[in-house]
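In order, the protein sequence lines correspond to chains A and B.
Using the numbering used here, read the first sequence as starting at 819 and increasing by one per residue.
Using the numbering used here, read the second sequence as starting at 819 and increasing by one per residue.
In case anyone wonders, no lab produced these hints; they're calculated from the structure.
The beta carbon of each residue, even a glycine, is placed where N, CA and C say it ideally should be.
Quick look at which bits of chain A chain B covers, simulated, 3 or more residues with Cβ under 8 Å:
no.: 1; stretch: 934-947
no.: 2; stretch: 969-978
no.: 3; stretch: 981-989
no.: 4; stretch: 998-1011
Far from chain A, by Cβ distances over 10 Å, these chain B residues were calculated:
no.: 5; residue: 840
no.: 6; residue: 860
no.: 7; residue: 862
no.: 8; residue: 865
no.: 9; residue: 874
no.: 10; residue: 903
no.: 11; residue: 920
no.: 12; residue: 962
no.: 13; residue: 964
Number of protein chains: 2
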Amino acid sequence: MWYMPARSAASPSSPRDLILGRAIEHLAAHGLGDTSLRQLAGALGTSHRMLVYHFGSKEGFLVAVVRAVEARQRAALAEIVATAGSASPAEIMRRFWDRLADPALWPHERLFFELYSQALQGRPHALPLLEGIIDSWIEPAVEFARRHGLPERPARAQARLGLAVMRGLLLDLLATGDRRAVDQALELHVATLVGQDTADPAPLSPLSRGTRRSGK
Amino acid sequence: MWYMPARSAASPSSPRDLILGRAIEHLAAHGLGDTSLRQLAGALGTSHRMLVYHFGSKEGFLVAVVRAVEARQRAALAEIVATAGSASPAEIMRRFWDRLADPALWPHERLFFELYSQALQGRPHALPLLEGIIDSWIEPAVEFARRHGLPERPARAQARLGLAVMRGLLLDLLATGDRRAVDQALELHVATLVGQDTADPAPLSPLSRGTRRSGK
DNA sequence: CACCCAATGTACCATGTGGTACATGCCGGC
DNA sequence: GCCGGCATGTACCACATGGTACATTGGGTG
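Turn these sequences into a full structure, and let the hints steer you where they fit.
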């Protein structure tokens, strides 16, 4: 007979979690195309037997990966918001974008979109990803915007639009690699923000922090 | 030995094209998950033998599907632009969005994002989709914006941003189904447009065409 | 009619798949 | 020092896959 470990509180560095970590890294780098359990296991330095052992099945394994990716996304968001300090929304968005646009993150973002689209298609293993895929980003943004004086409704719309801009431009960037062009588009949106952010104490300060990629 | 038809100018309703059409419909409805040739063939009312016969291989088949989807996208865009008439950019964007957001198109859009993300991951059959996936939309938009008085550079950025907003909000809509909330975000962006569109002959006309989903 | 050739059907193959059964290594606690 | 149980390795299975070979149909043209 076989045994699937009780999935208890999960000691932080159990073999299971080690595998998970490596899995995310590998999937980010190579995507989760049709890869079979065996290929994956091989690339992860384990055996397909182990994946089934720790996660119950291939599906179960992918569910775990999705959850972990989701968790990382949220963590990144939290850090961004925490780092915010007293910067203006516009400046926050620029910084956020600067981080997201870093080529080092591209693989993770590709994986994110891949899982996203699979979830949209109703693939069961990716569905958990959808829960909060919008709201978990909007809520903090709304709170932040309100702190800067926007009333509830516009704040929500603004947050939603900002998220869409980020993701839309990310799709663009991943496809074209044209950082300069995408940056210009973002700047256009950010300018909008400045115009609306009536509560910003210093809306006209030279917040450009160096003409955004002017030279290179 | 076997034979793959010479892929000539393709009489418009050859069995090959019939299959292609049904394939798009079916993929839009069910996504192209792991589906095998046989499953697909079954769902399309043909045999896996035929798919290989007409398209050379599974990959070849998917390439053909991708190309066809691409073509449909462009056709839709062309029609939109043609229909434009003399409406303001803001109004155009609203109309465009109204069409895109129609639930009847959701399946196609899901398929689009699925193929998009697969292409981003470097899956060979989807790669052809990337070519022009940004530019083929931006070029007409730029031309349009210029006709409304914007100089080249802002026009490009504006077009790029607009595309990102559309796709980002579409991702949102497909995940949440919250048309009302997404509409509000779009309206926020469109308002921006009006502000910049200095060349619009009637920027203050009640272009709201009925308070956008005010009631329901 | 005879011929051709695109279109389709039937049967098959080697390979890889997800999953399972069973044996074993290896650790800490009694 | 032995024993329980997590972790892992080996071997296997039934099955589905993509692709191929070969035969057959059927409509149009000489």
